[in-house]
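Chemist: Dock chain V against the given chain B, drawing on the hints supplied.
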Amino acid sequence: MGLARATGILLGKELRTELRSRELVTTTAVFVLLVIALFSFTFDPSSAESRRFGPGLLWLAFLFAASLMLQTCFLREQANDTLSGLRLCVGDPFAIFLAKLAANALFLLLTELLLLPVFSVLYNVPILRVWPSLVLVLLVGDVGICLTGTGMAAISAQARMRELLLPLLLLPLLTPVLIASTEATAALLSENPVLRWDWLGILLAFDGVFLTVLWLFGEYLLEE
Amino acid sequence: MGKRIAGVVVLFLLLALTTYLAFYYAPVERTMGVIQKIFYLHLPSAFTAFIAMGICFTANLLYVFRRAPKWDWLGVSAAEVGLPFITVVLITGPIWAHPVWGVWWTWDARLTLTLVLWLLYVAYLLLRSMIEEPDRRALLSALFGIFAFLDVPLVYFSIRWFRTQHPQPVILGGPGSGLEPRMRVAYLLVWAAFTGLLILLLRSRYRLEAMRADVETLRREVEGR
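For the protein sequence lines, the chains are B and V, in the order given. Heads up: the first sequence begins at 1 in our numbering, then just goes up one per residue. Heads up: the second sequence begins at 1001 in our numbering, then just goes up one per residue.
Keep in mind the hints are simulated off the structure, nothing from the lab. Any given hint might turn out to be false.
[To be verified] Which chain B residues stay away from chain V? Per the calculated CB distances, all over 10 Å, these:
id: 1; residue: R5
id: 2; residue: K13
id: 3; residue: L34
id: 4; residue: S40
id: 5; residue: S47
id: 6; residue: L109
id: 7; residue: L113
id: 8; residue: P126
id: 9; residue: L139
id: 10; residue: L165
id: 11; residue: P176
id: 12; residue: L195
id: 13; residue: V213
id: 14; residue: Y220
[Stated by the list, open to error] Partial list, derived from the structure: chain B residues whose beta carbon lies under 8 Å from chain V:
id: 15; residue: T26
id: 16; residue: V35
id: 17; residue: V121
id: 18; residue: G151
id: 19; residue: Q158
id: 20; residue: P172
id: 21; residue: A180
id: 22; residue: V209
id: 23; residue: L211
By construction, the Cβ of each residue, glycine as well, lies at the ideal position given by its N, Cα and C atoms.
Looking at chain B on its own, in the form it has when it is part of the complex (with noise of 0.2 Å):
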């Protein structure tokens, strides 16, 4: 079996597993939004105030979500124990990171689609006129974020105290998709929108880092 045709069906486990439930995508949106209303308390969002803290708030809200949320992707495979099926299923344990990666990218770009309306509503942020240029960013971002969380989840879920665990190793190592989403959420919600490709190149180029070090490592780490 093919690692394309081999992701493809595990990817389609992962959003029946989702669908059946529901869980994880309601879970996370009512998190993020949860977080952007406490974030109001915190500074007068008027406009002027929400361009400036609001893209930083906005990904702070995702990063936090994202660290909550994968924690299930390996832990649900070990409450049934069906990591050690999984892996003798597939040829290459690659296509099982593939899978967990793009199924958590998509109810994390999900959750923010949903969420994006809201915080523009709350903090007079006008997102409509950028709206193609945001989804690029959010896309980009979310890989990142979902491509080092895969490989961090995998990690934590063999370890004791593993949803402490999993943002303390998460969060640093996300450094640079915080900064260059943040700056590149910024150019865009500004008065004189650009999309700025000099922060998406860092993304993207943690994008690529991360994915090669996830295929050339990423089967030790499922290892039993």
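Modeler: Then chain V, alone, in the frame of chain B:
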């Protein structure tokens, strides 16, 4: 045993000598004054920490491919010994910055990078304490170490594009940079002494880790009976 004592004595003498060099032999810097002396602690600590980080990464890679426990021992030793050196960098930096820049801390590229490095090292050590089973601990922490090390250049470049206030490199910098010869001697000797200290600590820590592994094996054997 004798060799180890000799090493400690030589290192002690070297550290004493470099203290003298840094405080009396090297001239007082013209604009910054006496506060510049802290650089003799700050800069060599940073370089030594980088060496420790390199050793840690190499050991992690070797562990993943070779699976010999000794590489795991070396990895954890390098991380644990490197961490205090970074801590020294993070403490001496603000002490220098306060009178010279007027602020304790600024979110400049190198400062932020150092802080993120420190956090990554701490995460690596925390991860190790959260996994009981030795083989799994070794493998997973080695993999995290590899992720973390490859993240560093990305962190650096992303922060660098923000803004930079840190003094430009003077030792390996471009034209116009350079050091007064006596200062250079002091820097290099302090660095040599610190590297010696690193090696000495690394050896003791490595031996301790090896002993710990032995004890663990024995304990399991006894429990198995």
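Chemist: All hints are to be evaluated individually against the structure, with a verdict given for each.
Modeler: Evaluation of the provided hints:
no. : hint : in the structure
1   : R5   : 27 Å, holds
2   : K13  : 25 Å, holds
3   : L34  : 26 Å, holds
4   : S40  : 24 Å, holds
5   : S47  : 24 Å, holds
6   : L109 : 22 Å, holds
7   : L113 : 25 Å, holds
8   : P126 : 26 Å, holds
9   : L139 : 18 Å, holds
10  : L165 : 6 Å, violated
11  : P176 : 4 Å, violated
12  : L195 : 16 Å, holds
13  : V213 : 6 Å, violated
14  : Y220 : 6 Å, violated
15  : T26  : 30 Å, violated
16  : V35  : 22 Å, violated
17  : V121 : 30 Å, violated
18  : G151 : 6 Å, holds
19  : Q158 : 6 Å, holds
20  : P172 : 4 Å, holds
21  : A180 : 5 Å, holds
22  : V209 : 6 Å, holds
23  : L211 : 12 Å, violated
Checked against the numbered hints given earlier, the structure breaks hints 10, 11, 13, 14, 15, 16, 17 and 23 and satisfies all the rest.
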